[in-house]
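*Asks:* We have chain V; now place chain E onto it with these hints.
The listed protein sequences correspond, in order, to chains V and E.
Under the numbering used here, the first residue of the first sequence carries the number 342, and numbering increases by one thereafter.
Under the numbering used here, the first residue of the second sequence carries the number 7, and numbering increases by one thereafter.
Bear in mind the hints are in silico, worked out from the structure with no lab data behind them.
There's no promise every hint is true.
As the list claims (entries may be wrong) - Here are the computed lysine-lysine pairs in the BS3-like style, where the Cα-Cα straight-line distance is at most 27 Å:
id	chain 1	residue 1	chain 2	residue 2
1	E	K153	E	K121
2	E	K82	V	K479
3	V	K479	E	K156
4	E	K121	V	K493
5	E	K88	E	K121
6	V	K479	E	K88
7	V	K493	E	K82
8	E	K20	E	K156
9	E	K121	V	K503
Said to hold, decoys possible - Chain V is faced by these chain E residues, among others (derived, beta-carbon under 10 Å):
id	residue
10	D54
11	P85
12	W114
13	D115
14	S116
To be verified - Quick list of the computed label-pair ranges, beta carbon to beta carbon:
id	chain 1	residue 1	chain 2	residue 2	range
15	E	D11	V	D494	49 to 57 Å
16	V	P504	E	R139	20 to 28 Å
17	E	I46	V	E484	29 to 37 Å
18	E	K88	V	P454	48 to 56 Å
19	E	S118	V	P396	41 to 49 Å
20	V	K479	E	E152	38 to 46 Å
21	E	I148	V	F373	49 to 57 Å
22	E	T50	V	G416	47 to 55 Å
23	E	L9	V	R500	53 to 61 Å
24	V	P504	E	C40	49 to 57 Å
25	V	V478	E	Q17	54 to 62 Å
Cβ atoms here follow ideal geometry from the backbone N, Cα and C, with glycine treated the same way.
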Amino acid sequence: MASSRSPLSPPDIGERIRAQFGSDVKSVDEVFGHAVAKVDPGRYREIASFLRDEPDLDFNFFDFLTAVDFRPKGGGFEVVTQVYSTRHNHSARLKVECDADDPRCPTLEDVWPGANWCEREAWELFGIVFEGHPHLVKLVLPEQFEGFPLRKDFPLMTREVKPWPGEAEGVEE
Amino acid sequence: MGLMDRVAMPQPVKFILNWGRKYSLWVMNFGLACCAIELIATSTSVHDFIRLGVIPFAHGPRQADLLVVAGTLTDKMAPALKRVYDQIPDPKYVISFGSCSNCGGPYWDSYSVTKGVDQIVPVDVYVPGCPPRPEALLHGIIKLQEKIGKEDIREKWSGKLTQPAVTT
Numbered sequence: 342m343a344s345s346r347s348p349l350s351p352p353d354i355g356e357r358i359r360a361q362f363g364s365d366v367k368s369v370d371e372v373f374g375h376a377v378a379k380v381d382p383g384r385y386r387e388i389a390s391f392l393r394d395e396p397d398l399d400f401n402f403f404d405f406l407t408a409v410d411f412r413p414k415g416g417g418f419e420v421v422t423q424v425y426s427t428r429h430n431h432s433a434r435l436k437v438e439c440d441a442d443d444p445r446c447p448t449l450e451d452v453w454p455g456a457n458w459c460e461r462e463a464w465e466l467f468g469i470v471f472e473g474h475p476h477l478v479k480l481v482l483p484e485q486f487e488g489f490p491l492r493k494d495f496p497l498m499t500r501e502v503k504p505w506p507g508e509a510e511g512v513e514e
Numbered sequence: 007m008g009l010m011d012r013v014a015m016p017q018p019v020k021f022i023l024n025w026g027r028k029y030s031l032w033v034m035n036f037g038l039a040c041c042a043i044e045l046i047a048t049s050t051s052v053h054d055f056i057r058l059g060v061i062p063f064a065h066g067p068r069q070a071d072l073l074v075v076a077g078t079l080t081d082k083m084a085p086a087l088k089r090v091y092d093q094i095p096d097p098k099y100v101i102s103f104g105s106c107s108n109c110g111g112p113y114w115d116s117y118s119v120t121k122g123v124d125q126i127v128p129v130d131v132y133v134p135g136c137p138p139r140p141e142a143l144l145h146g147i148i149k150l151q152e153k154i155g156k157e158d159i160r161e162k163w164s165g166k167l168t169q170p171a172v173t174t
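Next comes chain V alone, as it looks inside the complex:
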């Protein structure tokens, strides 16, 4: 029955992705009840299409897309995509790494149209270029705005005057 609801547990979802794509899935974790898969940028779109089209997974709802700037910790950018299945009531998160100096990421706009605005936002706030996106123009920032404000090196007045003192001693992450 098409409407039958059979949610998969996060490890099961991770297992399905790993079984299909093998070593192109770098890691599969469970974080706060969500399946989180770090995937290879080259097969990112393919994995997304698989998540959408596979009947057991059926991720028909694009939840959100954002990015993280890991450059202060020696990494690059990471694009985080969360998708959800309204039929099975389970969700999955895809993470894909981008280059620190020239961040580029394939678009998911043709897989889930909901990705369109999220990618525009990630583009204007982090400067990540979504290759294949049909309309990469500013969404929420004023047109004349310069810079990428959510990058860690974007200057803010307080931090110019007085640098962040760092985490308090004895506090672990």
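*Replies:* Relative to chain V, chain E alone:
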């Protein structure tokens, strides 16, 4: 404005004119964030600023006397505020309601928030708070009415007061 511009108003006439103007303020609701809820609450039956002669709400800026900027003004929204202000006919008054519109408030170090609407329009009364209670707005309105009561209408209509007071 003809005679009013050329002749200093006798005190009784000035008093009557200002008395009439200060108790008939059509308010333009420029609600931008959570402070707008407090502004609307002030207009409803419990706090009821109609008893102070503030009439909610003008249908557009062209029917308004008083502009209440309530909430977080972003740099992207700033041209719209300037445009609404320019459309209000003179004499016009601005109340900056809440910390965000006074100075940026909690977003004082944000990349997108205008730190103070007085960079865009001249402000007559600042109401502090995050958000201020409706009573604070009532107090601000009374302060504005005191200001209108003492006002020289020639100066108000001279156009000198319509520039933002903030120096760069």
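*Asks:* Please write out, lowest number first, the hints stated earlier that are contradicted by the structure.
*Replies:* 3, 10, 16, 18 and 24
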